[in-house]
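Chemist: Top line first, the protein sequences correspond to chains A and B. Counting with this note's numbering, you get residues 1 to 400 for the letters of the first sequence. Counting with this note's numbering, you get residues 1 to 285 for the letters of the second sequence.
Please keep in mind that the hints were generated in silico from the structure rather than gathered at the bench. Mixed in with the good hints, there may be bad ones.
To be verified - Distance windows between CB atoms, simulated:
1) B:E278 x A:H204: 49 to 57 angstroms
2) A:G72 x B:T247: 48 to 56 angstroms
3) B:E227 x A:W12: 20 to 28 angstroms
4) A:W12 x B:Q32: 34 to 42 angstroms
5) A:S213 x B:P49: 56 to 64 angstroms
6) A:S259 x B:Y243: 38 to 46 angstroms
As the list claims (entries may be wrong) - Far from chain A, by Cβ distances over 12 angstroms, these chain B residues were calculated:
7) G11
8) M179
9) E258
10) Y262
11) A277
Where a beta carbon is used, it is the ideal one built from N, C-alpha and C, also for glycine.
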Amino acid sequence: MSDAAIAKPKDWVPAGDLQTEISAEKMLLELPRELQFITGSEAAREAIRRANVDVAISYPITPQSETMQQAGYLYDDGYIKEYYRGEEEIGVMSAIAGASRAGVRALTATSGPGLMRGMEAISSWPGARVNPILLNMCRVINTPLAIQPDNIEMSFLINTGMLMLHAENQQDFFDYTLAATEVVDHVDVTLPCVVSVDGFFVTHARGPVSLPSEKYKLTKRDGWKNCVPAMDNENPPARISRDAPIQKSNFISYHMHASWQQEVFAAVERSGKYFEKLLQGRIEVVNPGAEDFIIASGSAVSQAREAVRQEGEQGRTVGLVKVKTIRPWPGQQIIAAVKDAKRILIPEFNQAGWLHKEVCSTLYGECKAKIFGGPRVYGGMTMPTEMVLEWLAQARKDYP
Amino acid sequence: MSLDTIKPSPGFLEHLPVEYQDLVNHGQYGKQMKATDMGKFKELIEEHPMCAGCAMTLFIRLAFIALPCPEHSIMVGTAGCGRLAISQGNVPFIYGNYGDTNSTASGLKRALEIRFPNQKKDVIVMAGDGGLIDIGFQGLMHSWFRREKFTTIMLDNEVYGNTGGQESGMTVQGKVLKMAPRGKVNEKTDAMGLAKVAGVDYIARIVPTNPARVMRTIRRAILVAREIGSTYIQAYTSCNIEYSIPTPEVMKDAFDIEKERYGFEEIISDRAKEFLAEVEKKPKK
Ligand SMILES: Cc1ncc(C[n+]2csc(CCOP(=O)(O)OP(=O)(O)O)c2C)c(N)n1
Ligand code: SF4
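The shape of chain A in the complex, shown without the other chains (with noise of 0.2 angstroms):
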């Protein structure tokens, strides 16, 4: 739309134009891969080059920042056909909404306090019934300040009616943030993404990732093809405003707003069953029947796998599961994979224990295991890996 102040040559060819599209099972499960060795954030940037992404917004955040100025490269490339920075980020998340009624694909990237601001906007993203896709690098968002990395914002978006996926490395973040844009577009879904992923640990550190090749991106968006007309008047309006039912919000009927969420809520778990096939389950068992297990997501399975194998070298069998999609929560996987368990740990990267809360409400009443809520370190602190051993000989004492 705006004037470039750099304008492109008339004969520019935007590199987007010369991608082939093929579909997330393609790309994610089939295509033939390269390793590199990348940080999160570049490993970010590789995905959003492979989604076919229209437009872009971003503001600055720090670790976020790094993500979206990249975004801003693969715009000047023509991998993103629209992209600026926008006021703060009420605004941007306001924006990309606005894109997104528009049937576009719509991407964004925040941390942390960025999160807090927006998210009034962030939260109604899922009843308007659009779906772009939220970056999210986990930051601090408690008094003092600080820019470290600690995932306690994730808590916020647990009731949003988001679809959360809580990504360990860098490989995640570049699998998860495709595997979110196609899955997103189902019209039995339709509803916004977030990929989180721990700030620094993931986003400023190398890690392997093994990557399909640049020429392929993902399909479009097809603004047609949603559960709700997109807003773009090709509809005709008489009386269906695609917003109609709750913007009338003094007049809707309770049972009119309940019926909403109820569809908001079931759409989140229509969509465990693609999230199921293109991240090839929603969680990851490590060690199954074991005795001890522990139950992770995000940077705290990288510590637990580590923990596992120190155990394992002791002779000792500990088990992981590892959780990929917070929402939408896969209850019944965790229940059928800890149910002889004994003992449970759930590291946390954040000081509420919010992983914690979700599976003791799941695991109650369902596995006699005593579950610990912990290890937990916050403000920035890495978990070292000695911290999971100490608290797994603790447990085993406390309940031989």
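Starting from the structure of chain A, add chain B with the ligands where the hints point.
Modeler: Chain B with the ligands in isolation, oriented as in the chain A frame:
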């Protein structure tokens, strides 16, 4: 071709609701209506739940009739009295969060340009004075700084009507309202001046005392936004409830305020002037 958007398939028309048939057969799609024709055609907005005699509803009704291309227009509104009527119109309406209009419209308009490179879509923000100058101030100003190509219409009733009569940034100094128990301390915000400084291409201040002029102003603003840049209309739309204006005197109040401090004014950039001279010189069809 725009009219095709709302043309039902042959054989289907008779099965559609009468209201819809009327819109197609006797509505304003594909035509330009005049203020003097009011009452003779199927209007886009015909009923609303706003207070009896509210001047805002008259203005909104005129705004709908003035749309140069309703079949390709999208309205963006927010919390406030106006949305109660705007949401009843036969034009898609986005109702987001309070104060988010100009940010939402920025993303919407740019996205529509990607999806419909060959069909101009008019995006019109219509929101209250509180929604634009207080809570939505940042989004408003930045949409102007970015020269976003849509029209912003402020329904300036100089009060927060929908929440029961609190002072807004557009209330005049000294006025006693809720949350201004000793009278408003500051002056009415100079939104026109801000628009000018921000480089808005077409700016107008108006009171709905002259329907033909209201319609002409809205059309100009939408056409300039389509081709040139941001446009802004500030309309005095009195709140008879919170300002205790007896219903039969609403129009008298409008004339008085217009004379006193709300005279019609247009501020047009050179490029918008050039453009308007061009479109308005074309012979009328
Ligand atoms: C975030 C948020 N804050 C406050 C409100 C409450 N609210 C709804 S309408 C309104 C005032 C509307 O005043 P104005 O924008 O001037 O429009 P009017 O009703 O006068 O037409 C307020 C404060 C809200 N809906 N959302
Ligand atoms: S409260 Fe005032 S502005 Fe709102 S509908 Fe009633 S008269 Fe109109």
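Chemist: Is the Cβ of Y262 of chain B farther than 12 angstroms from every Cβ of chain A?
Modeler: Y262 of chain B is indeed farther than 12 angstroms from all Cβ atoms of chain A, at 29 angstroms.
Chemist: Would the least Cβ to Cβ distance between A277 of chain B and chain A come out above 12 angstroms?
Modeler: The claim holds: A277 of chain B sits with its nearest Cβ about 22 angstroms from chain A, beyond 12 angstroms.
Chemist: Per the hint of 48 to 56 angstroms, is the separation of the Cβ atoms of G72 of chain A and T247 of chain B within bounds?
Modeler: With a Cβ separation near 55 angstroms, G72 of chain A and T247 of chain B satisfy 48 to 56 angstroms, so the hint holds.
Chemist: Range hint 38 to 46 angstroms: satisfied by the CB atoms of S259 of chain A and Y243 of chain B?
Modeler: At 40 angstroms between Cβs, range holds.
Chemist: Does E258 of chain B really sit off the interface, with its C-beta more than 12 angstroms from all C-beta atoms of chain A?
Modeler: 31 angstroms, holds
Chemist: For M179 of chain B, is the shortest CB-to-CB distance to chain A above 12 angstroms, so the non-interface label stands?
Modeler: Answer for M179 of chain B: holds, closest chain A Cβ roughly 21 angstroms.
Chemist: Does the Cβ distance between S213 of chain A and P49 of chain B fall inside 56 to 64 angstroms?
Modeler: Taking Cβ atoms as reference, S213 of chain A and P49 of chain B lie about 57 angstroms apart, which means the hint holds.
Chemist: Is it true that E227 of chain B and W12 of chain A lie within 20 to 28 angstroms of each other by Cβ?
Modeler: Holds - the Cβ-Cβ distance for E227 of chain B and W12 of chain A, about 24 angstroms, lies within 20 to 28 angstroms.
Chemist: Given the hint of 49 to 57 angstroms, check if E278 of chain B and H204 of chain A actually sit that far apart at their C-beta atoms.
Modeler: 54 angstroms, holds
Chemist: Taking C-beta pairs only, is G11 of chain B more than 12 angstroms away from all of chain A?
Modeler: Answer for G11 of chain B: holds, closest chain A Cβ roughly 16 angstroms.
Chemist: A range of 34 to 42 angstroms was offered for this pair. Does it hold for the Cβ distance of W12 of chain A and Q32 of chain B?
Modeler: 39 angstroms, holds
The structure fails none of the hints (numbered hints given earlier).
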